[in-house]
Amino acid sequence: MSVTIWHNPRCSKSRQTLALLEDSGLEVNVRLYLEHAPTADEIKNALKLLSMEPRQLMRKGEAEYKEQGLDMKEGDALIAAMVATPKLIERPIVFNGHKARIGRPPESVLEIL
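Sequential numbering of the sequence shown, starting at 0, is according to numbering that gives the first Met the number 0.
No lab work stands behind these hints, which were simulated from the structure alone.
Mixed in with the good hints, there may be bad ones.
What the hints assert, rightly or not - In silico lysine-lysine, DSS-like type, Cα no more than 30 Å apart, as pairs:
1. Lys47 with Lys59
2. Lys65 with Lys86
3. Lys59 with Lys98
4. Lys12 with Lys59
5. Lys98 with Lys12
6. Lys43 with Lys59
7. Lys98 with Lys47
8. Lys98 with Lys43
9. Lys86 with Lys59
10. Lys43 with Lys72
11. Lys72 with Lys12
12. Lys65 with Lys12
13. Lys86 with Lys98
14. Lys12 with Lys86
15. Lys12 with Lys47
16. Lys72 with Lys98
17. Lys65 with Lys47
18. Lys72 with Lys47
19. Lys86 with Lys43
20. Lys72 with Lys86
21. Lys43 with Lys12
22. Lys72 with Lys59
Turn these sequences into a full structure, and let the hints steer you where they fit.
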(Lines of atoms letter the chains of each structure in order from A; the text may use other names.)
(Lines give C-alpha, C1' and ligand atoms only; values in the text may rest on other atoms or scores of the structure.)
Protein backbone atom coordinates (compact mmCIF):
# COMPACT_ATOMS: atom_id res chain seq x y z
CA MET A 0 0.00 0.00 0.00
CA SER A 1 1.23 3.48 -0.85
CA VAL A 2 0.19 6.66 0.95
CA THR A 3 1.10 10.30 0.35
CA ILE A 4 1.91 12.85 3.02
CA TRP A 5 2.01 16.61 2.56
CA HIS A 6 5.01 17.06 4.83
CA ASN A 7 6.89 19.92 6.47
CA PRO A 8 10.11 18.55 7.99
CA ARG A 9 10.33 21.53 10.37
CA CYS A 10 7.01 20.57 12.03
CA SER A 11 7.19 18.08 14.90
CA LYS A 12 3.68 16.70 14.22
CA SER A 13 4.58 16.20 10.58
CA ARG A 14 7.81 14.39 11.51
CA GLN A 15 5.94 12.22 14.04
CA THR A 16 3.27 11.34 11.47
CA LEU A 17 5.85 10.43 8.83
CA ALA A 18 7.71 8.23 11.34
CA LEU A 19 4.44 6.51 12.26
CA LEU A 20 3.72 5.79 8.58
CA GLU A 21 7.24 4.51 7.93
CA ASP A 22 7.14 2.33 11.07
CA SER A 23 3.91 0.79 9.74
CA GLY A 24 5.87 -0.59 6.80
CA LEU A 25 3.98 1.46 4.24
CA GLU A 26 5.41 2.90 1.06
CA VAL A 27 5.26 6.64 1.72
CA ASN A 28 5.31 9.28 -1.00
CA VAL A 29 6.58 12.43 0.72
CA ARG A 30 5.52 15.73 -0.80
CA LEU A 31 7.33 18.74 0.60
CA TYR A 32 4.32 20.96 0.06
CA LEU A 33 6.13 24.18 0.98
CA GLU A 34 8.49 23.59 -1.96
CA HIS A 35 5.91 22.03 -4.30
CA ALA A 36 2.72 23.90 -3.48
CA PRO A 37 -0.55 22.10 -4.15
CA THR A 38 -2.72 23.44 -6.96
CA ALA A 39 -6.19 24.82 -6.32
CA ASP A 40 -7.65 21.55 -7.64
CA GLU A 41 -5.46 19.50 -5.29
CA ILE A 42 -6.57 21.62 -2.33
CA LYS A 43 -10.22 21.28 -3.38
CA ASN A 44 -9.76 17.51 -3.56
CA ALA A 45 -8.13 17.47 -0.11
CA LEU A 46 -11.04 19.51 1.28
CA LYS A 47 -13.53 17.05 -0.23
CA LEU A 48 -11.68 14.02 1.19
CA LEU A 49 -11.40 15.69 4.60
CA SER A 50 -15.04 16.92 4.54
CA MET A 51 -13.82 20.40 5.40
CA GLU A 52 -14.41 23.96 4.34
CA PRO A 53 -11.34 25.98 3.24
CA ARG A 54 -10.98 27.96 6.48
CA GLN A 55 -10.90 24.69 8.50
CA LEU A 56 -7.77 23.64 6.60
CA MET A 57 -5.95 26.88 7.34
CA ARG A 58 -3.42 27.75 10.00
CA LYS A 59 -5.18 30.85 11.29
CA GLY A 60 -2.37 31.65 13.74
CA GLU A 61 0.17 32.32 10.99
CA ALA A 62 1.12 35.98 10.48
CA GLU A 63 0.32 35.63 6.77
CA TYR A 64 -3.31 34.82 7.61
CA LYS A 65 -3.77 38.17 9.33
CA GLU A 66 -1.56 40.09 6.87
CA GLN A 67 -3.68 38.89 3.93
CA GLY A 68 -6.95 39.78 5.68
CA LEU A 69 -8.22 36.23 5.29
CA ASP A 70 -10.80 36.59 8.10
CA MET A 71 -12.83 38.64 5.61
CA LYS A 72 -12.52 36.20 2.68
CA GLU A 73 -14.34 33.01 1.73
CA GLY A 74 -14.20 29.95 -0.55
CA ASP A 75 -12.03 30.29 -3.63
CA ALA A 76 -10.20 33.31 -2.18
CA LEU A 77 -9.04 31.15 0.74
CA ILE A 78 -8.00 28.35 -1.62
CA ALA A 79 -6.04 30.87 -3.72
CA ALA A 80 -4.31 32.08 -0.55
CA MET A 81 -3.27 28.50 0.29
CA VAL A 82 -1.89 28.02 -3.24
CA ALA A 83 0.07 31.27 -3.02
CA THR A 84 1.15 30.74 0.60
CA PRO A 85 1.26 26.99 1.31
CA LYS A 86 2.48 27.72 4.85
CA LEU A 87 -1.20 28.47 5.57
CA ILE A 88 -2.20 24.83 4.98
CA GLU A 89 -2.66 22.74 8.13
CA ARG A 90 -0.14 19.94 8.30
CA PRO A 91 0.50 17.14 7.83
CA ILE A 92 -2.15 15.70 5.54
CA VAL A 93 -2.03 11.99 4.69
CA PHE A 94 -3.83 10.61 1.64
CA ASN A 95 -4.70 6.98 1.04
CA GLY A 96 -6.78 6.47 -2.07
CA HIS A 97 -10.08 8.28 -1.56
CA LYS A 98 -9.42 9.00 2.11
CA ALA A 99 -7.43 11.68 3.89
CA ARG A 100 -6.68 12.74 7.46
CA ILE A 101 -4.74 15.52 9.12
CA GLY A 102 -2.04 14.12 11.41
CA ARG A 103 -3.10 16.03 14.52
CA PRO A 104 -2.61 13.96 16.54
CA PRO A 105 -0.36 11.79 14.36
CA GLU A 106 -2.29 8.64 15.32
CA SER A 107 -5.43 9.97 13.61
CA VAL A 108 -3.99 8.93 10.24
CA LEU A 109 -4.19 5.28 11.29
CA GLU A 110 -7.97 5.49 10.66
CA ILE A 111 -7.39 5.53 6.89
CA LEU A 112 -4.69 2.87 6.58
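Verification of the supplied hints:
1. Lys47 with Lys59: Between Lys47 and Lys59 the Cα gap is close to 20 Å, so the pair holds against 30 Å.
2. Lys65 with Lys86: holds (13 Å)
3. Lys59 with Lys98: holds (24 Å)
4. Lys12 with Lys59: The hint holds at about 17 Å.
5. Lys98 with Lys12: At roughly 19 Å apart (the allowed maximum being 30 Å), Lys12 and Lys98 satisfy the hint.
6. Lys43 with Lys59: Satisfied, since the Cα-Cα distance of roughly 18 Å is no more than 30 Å.
7. Lys98 with Lys47: holds (9 Å)
8. Lys98 with Lys43: holds (13 Å)
9. Lys86 with Lys59: holds (10 Å)
10. Lys43 with Lys72: Answer holds: Lys43 to Lys72 is near 16 Å, not above 30 Å.
11. Lys72 with Lys12: holds (28 Å)
12. Lys65 with Lys12: Within the cut-off at roughly 23 Å; holds.
13. Lys86 with Lys98: holds (22 Å)
14. Lys12 with Lys86: With a Cα-Cα distance of about 15 Å, the restraint between Lys12 and Lys86 holds, given a limit of 30 Å.
15. Lys12 with Lys47: holds (22 Å)
16. Lys72 with Lys98: Answer holds: Lys72 to Lys98 is near 27 Å, not above 30 Å.
17. Lys65 with Lys47: Roughly 25 Å separates the two Cα atoms, so the pair holds.
18. Lys72 with Lys47: Answer holds: Lys72 to Lys47 is near 19 Å, not above 30 Å.
19. Lys86 with Lys43: holds (16 Å)
20. Lys72 with Lys86: holds (17 Å)
21. Lys43 with Lys12: Holds, at roughly 23 Å.
22. Lys72 with Lys59: holds (13 Å)
Comparing the model with each numbered hint stated earlier shows that all of them hold.
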